[in-house]
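Student: Chains as they are written, first to last, in the numbering used here: chain A, 1 to 152; chain B, 1 to 303.
If you're looking for bench data, these hints aren't it; they were derived computationally from the structure.
Yeah, the Cβ is synthetic: ideal placement off N, Cα and C, and Gly gets one too.
Please note: incorrect hints may appear among the correct ones.
Computed footprint of chain B on chain A, listed as stretches where at least three residues anywhere in the stretch have a Cβ under 8 Å from a Cβ of chain B [unchecked claim]:
1) 53–63
2) 66–73
Ranges of calculated distance between the beta carbons of each label pair, as one might list FRET restraints [claimed, not checked]:
3) B/Glu259 with A/Arg57: 39 to 47 Å
4) A/Arg121 with B/Glu259: 33 to 41 Å
5) B/Glu104 with A/Asn109: 55 to 63 Å
6) B/Pro290 with A/Ala47: 29 to 37 Å
7) A/Ala127 with B/Leu112: 43 to 51 Å
8) B/Gly226 with A/Ala47: 47 to 55 Å
9) B/Glu104 with A/Arg77: 34 to 42 Å
10) A/Gly97 with B/Gly63: 32 to 40 Å
11) B/Leu71 with A/Gly98: 53 to 61 Å
12) B/Asp260 with A/Arg105: 19 to 27 Å
13) B/Gly21 with A/Ala103: 19 to 27 Å
14) A/Asp31 with B/Glu240: 19 to 27 Å
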Amino acid sequence: MTGGAPAELLVSLGTLKDVAGIMGSFVFTDDGRLVAREIPALFDDTALFEASGRLTRLRETFAAVGDHLDVAVVRFRDHKLYLKVLGGGVLCIVAEGGVNMPALRMAANLVGRRIVPALERAAQEPAPPAVAARPPALAPPGMRRFRGHAVE
Amino acid sequence: MSSGAKLGAGAAPVAREQAVGFHAKLEGASLWDLVQMECLARSRLAVEVAGEGGLGYLFFDAGRVVHASTLRNRGQAAALEILSWTRGTFQPTTRSWPLAPSIEMSHEALLLHAAKQRDERASNLVAFPGRGAEAALEEIEILDVDPDGFAPDGFAPDGFAPEGFAQEGSSEEEVTGVAAQPPAGLEEGKMNVRNPNFDEASGAPLAPRAESAADFPVMLRLSAQGAVLRNKGGSEELAEATAYAHRLVQLTGELLGLEDFVALECSFGSDRFIVFTENAGEVVALRPRPELSLQALRERLGL
């Protein structure tokens with residue numbers, strides 16, 4: 001995913017780190033597909049994929065009662081998650097609890113404007129096909145045995 | 001009932017006259033608080049509770065409610081019946097002790113059980129739009145729970161208004177005040193009690209009770225299990241959406257290793273919606289008026 005993310009998206013996301021306390025950010029499309037990340041490897045792709053799906057459902061939950069989300073701030077004990085809905089998807093910023101919120105909002109607005117075209121293009125791309133289930137791993141040659149007989 | 005007044009902890013079941021301590025004349029005390037107080041004091045004491053369901057007896061020993069009886073029930077069922085009463089008196093009695101304890105659970109578990117029963121009753125009573133505002137407000141009043149147990153962390157006694165939003169006529173006095181003059185028929189050492197699941201302190205609907213309540217057209221309080229404990233202006237769908245949104249952000253936090261959800265603020269155009277967790281996992285959701293400054297609330301919630 002990240003390898004295929006438009007460079008302009010990654011560069012823009014990187015500028016968010018100018019604000020002290022911002023740990024990183026990622027972007028996902030309206031259908032919850034992660035399209036770019038600029039966040040330490042500590043946050044692995046799988047977690048970001050799943051988080052994107054859940055945050056998409058959060059949007060859908062409010063939309064179901066007539067509230068169309070623009071911005072959300074989630075406060076955890078030591079961290080904050082800042083979500084900004086853009087054309088085609090959502091910018092999600094992970095920050096420390098004490099981050100300067102006005103600076104974060106301003107940076108998110110500027111970055112949001114810059115990444116909308118790339119995000120819209122990414123949103124229009126067809127979703128990658130689901131990864132086919134891998135066949136069960138075979139035992140190494142020479143160790144494939146069944147009832148005492150070698151099986152190749 | 002946080003006045004600190006106590007009904008005297010005695011070492012013997014009924015020898016209250018010899019016990020060191022104060023006799024109290026309280027009005028408006030919460031039955032649940034009195035039970036907790038006796039348990040925390042590790043009193044060995046039999047108490048007669050006269051409520052709307054008749055007479056009941058609670059037996060305290062070593063920090064637990066060890067036995068209870070009413071006309072209809074014995075043991076835990078009797079204790080839960082008594083804890084469901086909404087008003088009455090609470091006084092020591094000379095009633096004979098049971099041969100063996102009939103209640104095994106801790107007093108905390110007993111109160112939780114009573115609270116769960118209250119929630120279950122409450123979830124059937126919540127009034128939602130379409131039933132008429134008057135009826136809705138009347139029913140919402142029935143769902144009010146103990147202000148002092150319901151409004152931790154600076155939340156005003158009506159259970160919703162956050163710190164920094166002053167309320168008129170705080171019911172703190174109603175809850176903690178010791179009656180200067182015992183009301184007619186109230187003997188020394190007797191306490192008038194009210195049940196924390198019933199707020200009779202105010203006969204008025206929610207909004208007029210506190211001016212700041214008008215700043216929040218929608219106020220919801222959900223139990224950790226999602227039961228609607230209190231609702232002003234919210235629909236069933238909004239309560240469901242709140243419960244689900246709360247769960248989603250909790251899970252997202254866990255996924256990303258952020259953990260310990262505190263609060264969520266959403267902006268929808270000019271509307272905003274705030275969800276936060278309080279003690280015991282209760283979830284509070286507020287929709288403020290669009291023009292209301294949320295600075296104080298944001299600071300308190302760390303948003």
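Student: Indicate, hint by hint, whether the structure satisfies it.
Tutor: Hint check:
1. 53–63: With 6 residues in contact (Cβ-Cβ under 8 Å with chain B), the coverage given for the stretch 53–63 of chain A holds.
2. 66–73: holds (count 7)
3. B/Glu259 with A/Arg57: 39 to 47 Å: Because 19 Å falls outside the window, the suggested range is violated.
4. A/Arg121 with B/Glu259: 33 to 41 Å: holds, 35 Å
5. B/Glu104 with A/Asn109: 55 to 63 Å: holds, 60 Å
6. B/Pro290 with A/Ala47: 29 to 37 Å: With Cβ atoms ~35 Å apart, the hint holds.
7. A/Ala127 with B/Leu112: 43 to 51 Å: holds, 47 Å
8. B/Gly226 with A/Ala47: 47 to 55 Å: violated, 26 Å
9. B/Glu104 with A/Arg77: 34 to 42 Å: With a Cβ separation near 36 Å, B/Glu104 and A/Arg77 satisfy 34 to 42 Å, so the hint holds.
10. A/Gly97 with B/Gly63: 32 to 40 Å: At roughly 38 Å between Cβ atoms, B/Gly63 and A/Gly97 fall inside 32 to 40 Å, so the hint holds.
11. B/Leu71 with A/Gly98: 53 to 61 Å: Holds, at about 59 Å.
12. B/Asp260 with A/Arg105: 19 to 27 Å: holds, 23 Å
13. B/Gly21 with A/Ala103: 19 to 27 Å: violated, 58 Å
14. A/Asp31 with B/Glu240: 19 to 27 Å: Taking Cβ atoms as reference, A/Asp31 and B/Glu240 lie about 23 Å apart, which means the hint holds.
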